Amino acid sequence: MTITEDDTAGGGELAAAGTAARVMGRDNSVLRLSEQEAAALSLAPADEFGDSKMIINMGPSHPSTHGVLRLMLEMEGETVLRSKPIIGYLHTGMEKTGEQLTYLQGCTNVTRMDYASPLFTELAFSLAVENLVGMEIPERATWIRMLMTELNRMASHLLFMATNGMDLGAVSMMIYGWREREPLLRFFEKVTGLRMNHNYIRPGGVAADLHAGWQQDLLDYLEMLEPRLEEYHVLMNGQPIWRDRLQGVGIINEAECLALGTTGPILRSAGSSWDLRRDMPYLAYDQVEFSVPVGDYGDCFDRYAIRLAEIEESIRIVRQCIDKMPLGDYRTQDKKITPPPRARIDESMEALIHHFKIFTEGYKVPAGETYAAVESPRGELGVYIVSDGSSTPYRMHVRAPSFVNLQTLPHLMQDGLLADAVAVISSVDPIMGEVDR
Amino acid sequence: MGDAETPDEETAENDPVHELEIDEEQPDEEAGPTEELLHGVPVRTAFGQQVLFPSVDMYFALVEALRDAGFVQVIDLCGVDYLHRERADLPNSITSERFEVVVNLISHARRERIRVRVQVGEGGSVPSLFDLFPGTEAMEREAFDMFGVVFDDHPDMSRILMPETWIGHPLRKDFDTGRIPVQFKGAPGQS
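Which chain is which? The protein sequence lines are S and H, in order. The opening position of the first sequence corresponds to residue 881 in the working numbering, with each subsequent residue numbered one higher. The opening position of the second sequence corresponds to residue 22 in the working numbering, with each subsequent residue numbered one higher.
So that you can see chain S by itself, here it is in the shape it has in the complex:
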C-alpha cells in the first residue's frame, strides 16, 4: 500500500478517500481465489482452511443473481466473510463486434448491452459519434431523446421494483412492477417498432418521429401510474417486513463509493447528489426542472427509495417534455449522415448515391478519440470511441455502470447474512448483459 497516514493527513475529503482505500484494500472484503485454488481448498483437510469456514458458489444460474452472476462466497455459518463476483458468462465480445460495424450499424450492437434500458447505450454511442463528427442535431430530436430515455429510466426502475420485490419475497410487488412496465414497452413499440433493443436513437437524431396522439397516450399512462406509485409507498415503505429486510443492510459511505468508481443510485444513496443530468447537463436537461433524490444511510432501503423517487422525478421531466416538445425535424438533414426518404430515391440520382453509400460503406467519421457519458438508471454510462477516419470505429469501449458497481458487492455483503446477500445483489441492480458485454 502506498497510502499511509501521512498522505491522508490533509483535507477531509482526501482523508476519507484514504480511509476508503484502506477499507477496500487488498485483503479485506474481496476473495481473490482462482478456480484451481478454490477447487484445491475444497479437497484440503479441514484444519488447513479452518473447520468453520467454507466456500460456497452462488450462481451463475440462481434466481436472485439477475441473470448469470456467480458469487464465490467465503462463509462462516450463515455469515458472509469475503466474496468474489465472477462474471463473463454472458461475454460475447460486443466491443470487438463493434469494430466491424459501421457507425450506423453500431447502435444495433450497443443497444443489446443494457437490455433493461437500451436507449441509454444508444444515446451515449450517438453522442460520442456526434461529438467526433461535430454535428448539430435538431432541437426536436434532442427533446425526443430526452423524453424517450426518461421513459426508459422509468421502465428500468419499475423492473427494479419488480425484481427487488421478487428477491425479497414481496411477490405482489413483482406483479405490480411488471404490470406498470408493460404499457411503457407498448409505447416504445408504438414509437420505435420494438419493445426492447430499439435501435431508435442514432447518430444524427432518432429513427422515427413520435406518432400522432403520443401526448394523450403518455398522459393517460401517467394518470394511471401516479396513484399506483402512491400504492407502492403504502405497500412497501410502510411495511415492517420490507423495512426490516432492507434497512441497515449493505451499508456503504460516500468515500467508499468514490474510491470504487461507483455511480448512480448507489452513490446517491450514500449522500452524494452527483447526477450527470443536473451537474454536467447533456441533451436539454438544463431546460427542465427536476430534483435529485439523495439518501442518508447508504443502505439497501435508500437505494430502493431513491429509485422509487427517481420514477417520480422522471414523471416530472416527461410532463415537461410533453409541454415543451418543439416542432421541427427529428433527425439531421445532413445527407451524408441521414439516409434520404424512400420516395426521393426514385426521383434523385444524388439521393440514390447517398442511400447506397450510407448502407454499404457507411459515412466516414474524422479521426480522433472522444468520450461521451450519460446518466443511465444504473449510473454513468460512457462510450469511448477511437476513430481512424474510416466508417467503422477503430476502438469502441463502453463504460458500463453495472460492471464497475459490481465491485461494491464484496464490501456490501461482508459480515452480513447470506439472505441479506440476496437483498444486496438486488439493490445494486446489475444488468449482466452490460457487465459482460
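Worth flagging that the hints you see were computed from the coordinates, not collected in a lab. Small disclaimer: the values here were computed from a predicted structure and weren't measured. Beta carbons are placed, not taken as given, at the ideal position from N, Cα and C, and that holds for glycine. Any given hint might turn out to be false.
Unchecked claim - A partial selection of chain H residues facing chain S, derived with a Cβ cut-off under 7 Å: (1) Val64; (2) Phe68; (3) Val95; (4) His129; (5) Gly142; (6) Gly144; (7) Gly189.
Fit chain H to the given chain S structure using the hints.
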C-alpha cells in the same frame, strides 16, 4: 505532488518518432512553447476534452496529483491496441507504443473530466492504480484480459471476462475473429 518532475524536452529531440515529424511541423515548433504542460505532463485538447500524455514513469504520480487536485473518481480505464497505426495526436515528447491505457477521471467539485493516455509497449507494464482508486481493479483486469497489458502491483492480475484457461487476448487487433468452418462440395482438398 507529482508535478515535481518535468519531461526532459531536450532528450526527446533525439527520439526517432520526433525526427520523423520534425520536417512537417517545423513552423509550428518554432512558433510557441513546445508543449503545454499540466502537472508536468503534456496536455492537449481533443474534441473539447482535456487529454494528458504521461510517460509510464510519470503515470502513477500524475494520477495521484490529479486525485489531490480534486479528481475524485476514476470513471473508466480501458486499453486500445494501435497495432500498425501511426498517431498524429501524440505530443512530440511521447513515443508511440503499440498499446495505450486510457483513464478517464472526473472531478465533482469542478464538474470537469480529464483523460490520461499512457503508452505501453508489447510485453510492457504500467503501475496499477489500485492503491489510489480501488475501483480500477476490475477495469485493469479487463484491460489485461482483452489486451495483455500487465498492471504492476495489482492485487489479482487475472482474467475477468474470458475463462481462466483462455489463450490470447481477444481485443488485440491481430487476434482472429471466430469463424465456423464450412465445407463445400468439390472444394479444393475435398474429395
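Now for the hints, and whether the structure bears them out:
no., hint, result
1, Val64, "violated (15 Å)"
2, Phe68, "holds (5 Å)"
3, Val95, "holds (6 Å)"
4, His129, "holds (6 Å)"
5, Gly142, "violated (18 Å)"
6, Gly144, "violated (20 Å)"
7, Gly189, "violated (12 Å)"
Of the numbered hints stated above, those contradicted by the structure are hints 1, 5, 6 and 7, listed in ascending order.
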